Every structure is written in C-alpha cells, then in structure tokens.
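Model the full structure from these sequences, guided by the hints.
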Amino acid sequence: MKISISIFGTRADCENKADIVIPEAATLKDLITEFSLKYMQDADLILDKDGNLRKHLIIQVNKKRVMVGKVAEYELADGDEVTIYPPVSGG
Amino acid sequence: MTQPTSKCDCSKSAAGRYERQLPLFGIEGQQKLAEASVFIAGTGGLGSPVATYLAAAGVGKIVLLDCDSVDVTNLNRQFLHRESDVGRKKAESGSEKLKEMNSEILVESVCGLLNEENVKEIIGDCQIIVDALDNDKTRRILAAFAKQTKRPYFHAAVSGFQGQFAAFYPEIGPCYFCAFPEDEDDFEENENTSETRNSEKKKPVFPIVGATAGIIGSMEANEIIKYITGAGKIQVGKLFIWDGLSCIFDVIDIESDENCSVCGKNNKNDGC
Numbered sequence: 003m004k005i006s007i008s009i010f011g012t013r014a015d016c017e018n019k020a021d022i023v024i025p026e027a028a029t030l031k032d033l034i035t036e037f038s039l040k041y042m043q044d045a046d047l048i049l050d051k052d053g054n055l056r057k058h059l060i061i062q063v064n065k066k067r068v069m070v071g072k073v074a075e076y077e078l079a080d081g082d083e084v085t086i087y088p089p090v091s092g093g
Numbered sequence: 059m060t061q062p063t064s065k066c067d068c069s070k071s072a073a074g075r076y077e078r079q080l081p082l083f084g085i086e087g088q089q090k091l092a093e094a095s096v097f098i099a100g101t102g103g104l105g106s107p108v109a110t111y112l113a114a115a116g117v118g119k120i121v122l123l124d125c126d127s128v129d130v131t132n133l134n135r136q137f138l139h140r141e142s143d144v145g146r147k148k149a150e151s152g153s154e155k156l157k158e159m160n161s162e163i164l165v166e167s168v169c170g171l172l173n174e175e176n177v178k179e180i181i182g183d184c185q186i187i188v189d190a191l192d193n194d195k196t197r198r199i200l201a202a203f204a205k206q207t208k209r210p211y212f213h214a215a216v217s218g219f220q221g222q223f224a225a226f227y228p229e230i231g232p233c234y235f236c237a238f239p240e241d242e243d244d245f246e247e248n249e250n251t252s253e254t255r256n257s258e259k260k261k262p263v264f265p266i267v268g269a270t271a272g273i274i275g276s277m278e279a280n281e282i283i284k285y286i287t288g289a290g291k292i293q294v295g296k297l298f299i300w301d302g303l304s305c306i307f308d309v310i311d312i313e314s315d316e317n318c319s320v321c322g323k324n325n326k327n328d329g330c
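Chains as they are written, first to last, in the working numbering: chain A, 3 to 93; chain B, 59 to 330.
Hints are computed from structural coordinates only; laboratory data are not their basis. All of these numbers come straight from a predicted model, not from anything done at the bench. Incorrect hints may appear among the rest.
Said to hold, decoys possible - Pairs of lysine-lysine residues, derived as BS3-like cross-links and limited to a Cα-Cα distance of at most 27 Å, are as follows:
1) A:Lys19 with A:Lys31
2) A:Lys66 with A:Lys31
3) A:Lys19 with B:Lys291
4) A:Lys4 with A:Lys31
5) B:Lys155 with B:Lys284
6) A:Lys19 with A:Lys51
7) B:Lys291 with A:Lys66
8) A:Lys57 with B:Lys284
9) B:Lys195 with A:Lys57
10) B:Lys296 with A:Lys72
11) A:Lys19 with A:Lys72
12) A:Lys31 with B:Lys296
Claimed, not checked - Pulled from the structure, derived: some chain A residues nowhere near chain B, Cβ distances all over 12 Å:
13) Ile22
14) Thr29
15) Ala74
16) Gly81
Using N, Cα and C, we set each Cβ at its ideal position, and we do this for glycine too.
As structure tokens, then:
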C-alpha cells in the first residue's frame, strides 16, 4: 500500500515529504522508522539512540492525532496521509 | 480564585491611550484588562512580544520572571532589551521597558529560577499564567500549578522558523499534560543531541529567527486579551503550529485524556 508522509516545519537538511510503499501489515511505527532512516539526513530528530520514536513527536494520520504510545499497534490503510511534527521547546 | 481588588481606573485614559481598541470590547473590557494580573515566565524571545502587547493593551499588573542576564546573542529577537542592557538581569530590563511604555500599569520583576518549591510564592495572586519559557521541565511545573490552582495557562514554544501555541483553561478542555503526556527526560535528551548544543554553558541553544518568536508571542498575547475581555471565542483543545518556511499554520485537535497524569478521570491521584 502507498502512504504519504511529511514532516512539518522541519530543518532544511532533510527531505520533508515522500510517498512510500509499505507491506499491508505495516504499522505506523514501521512507516515512520523507514521514512526516518531512508529519507532523512537527521533521523535523530525522530528516533532516539535505541531506534524508538521520540516521545514528544506529534503525529497525525489523516489530520487526526495518534499518540506516540499507540503507533506500534496502529494499522495504516492505503492512501493514508501521515504528518509528523517535530518537538519545539525554545522561547 | 478570588480576583485582586483593582487599583486601576482606566476611564480617564481610555479615551486617549486605548481609543483604538475600545470599539472591540468597550470600556467594560478595558476595565477588565486594568484589573487583570498576568504572570509571564520568560523575558526573552516570546516574553518580549507577549509582555509588550499586554502592557500596551493596559493589563493592570504584569509580573516578569527570568533567571538569565541579557546576552548579545539575545538581541536578534528579544526586543525588550537593548545593547546597553547586555549583562543586566532580563526581568529587570524588561520591567523597565514596560514601565516606560505604560506608566499606568504595575510591573514587577522576579530574577530567579522557578521550581516546585517556590512556584506558589512567586506567582502569588496572578490570575493568568503565561509560558514564554525555553525548557520543558519548567513548563511542566508551571502547567501543573496552573491546573491545580484553576488558572488559565497559555503555552508557546519556538525554534528556527517553527513555533506552536495552545491555551489551556481550568474548567474546560484538555490540560497541557493531555497534549504533552511524556516526561521531560526524552525531550531534554532530544534537545541535547542537537548540533546546536552550547558545550560551554551546558545549556542547549536553538536556532531562531526573531520573527518566529514575534508571531507566536503575538498570538499568545492576542488570546490572553480575548480571554480577559471576553472578545471573540477562546480556542479550546487546539494546538496551533506555525511553519515559517512555508508560511502556513496547522491546527491540531487536542483531546482530554482520561488517563492523563494530571487531569484524567482514571488518575488515582486526582491531581486537579
């Protein structure tokens, strides 16, 4: 199945959008991990040193938020649009 | 929460200083601003626009908190401070500018770090709590205190060309911890892995264009003025995220979390 994934407002040193073909049984975590490792120059924006998704990411599928704790069990459907919002904390 | 007795009568100055905003919320709204007290944590990139617009609008009491001193690297965005302020305490420098801008309001400065032990004393009777901070750890102390004492909490954060804003109200909608449920350890780790970490000061620094802080801080001030005066509709359960490179806002719905560690109904601690 084909999924559209993008990163909102991110640094200029990574690609910010891609269409990815993934296996039918792939989860949201699988998708984001693959996108981070294959398409981003700065994967540590998304993944920690153990390869887990960073907890402060905000993730939406088809404009509806999915909490980071649920991504490993979230099953995607063909045509889903995924948006990742990297954390912001400065003032 | 009882509101402090107003010492400010805005009726004399309203026709002059506030003439251009009176059509928006009337003398009643202006008097509400005069009676309001706002605590602003952070007197930097976000604190500058928030404090400036609240002071200019006539908020009767503003308390500025910051533990840092003005550094020359602050001047690209922290417009409350001037070249001549480098080395001075930010809270004092900011307080001085606000008093120059509006002598009719009360402005106080607190130069220090906010923690769980002193948060109650420092915030005192301020009705409204504003997050213009640069770190998640202090945000959580501030947000928890706001929820526990039933005060509105206005959150903002910026980095680079990106920023975010959300308002959390005591009696309606989700709280800060519903939106950002995880602890700060992961967040701080993330910040510290950035190539922008300042190794000398052992404090993470982030790239920022001043206009980003201006946009988000102005949004924060706008919602606070709306909340105080009753103008328009307050934004509940919405996180606004700004991408300055694409010049677009995304709006994310934030839902109340029944398992929230602070306000969730399944939370045994009943933190609220």
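Checked hints:
no.: 1; hint: A:Lys19 with A:Lys31; in the structure: holds (17 Å)
no.: 2; hint: A:Lys66 with A:Lys31; in the structure: holds (16 Å)
no.: 3; hint: A:Lys19 with B:Lys291; in the structure: violated (34 Å)
no.: 4; hint: A:Lys4 with A:Lys31; in the structure: holds (15 Å)
no.: 5; hint: B:Lys155 with B:Lys284; in the structure: holds (24 Å)
no.: 6; hint: A:Lys19 with A:Lys51; in the structure: holds (23 Å)
no.: 7; hint: B:Lys291 with A:Lys66; in the structure: holds (23 Å)
no.: 8; hint: A:Lys57 with B:Lys284; in the structure: violated (32 Å)
no.: 9; hint: B:Lys195 with A:Lys57; in the structure: holds (15 Å)
no.: 10; hint: B:Lys296 with A:Lys72; in the structure: holds (21 Å)
no.: 11; hint: A:Lys19 with A:Lys72; in the structure: holds (22 Å)
no.: 12; hint: A:Lys31 with B:Lys296; in the structure: holds (25 Å)
no.: 13; hint: Ile22; in the structure: holds (21 Å)
no.: 14; hint: Thr29; in the structure: holds (19 Å)
no.: 15; hint: Ala74; in the structure: holds (15 Å)
no.: 16; hint: Gly81; in the structure: holds (20 Å)
The structure fails to meet hints 3 and 8 from the earlier list, while all remaining hints are met.
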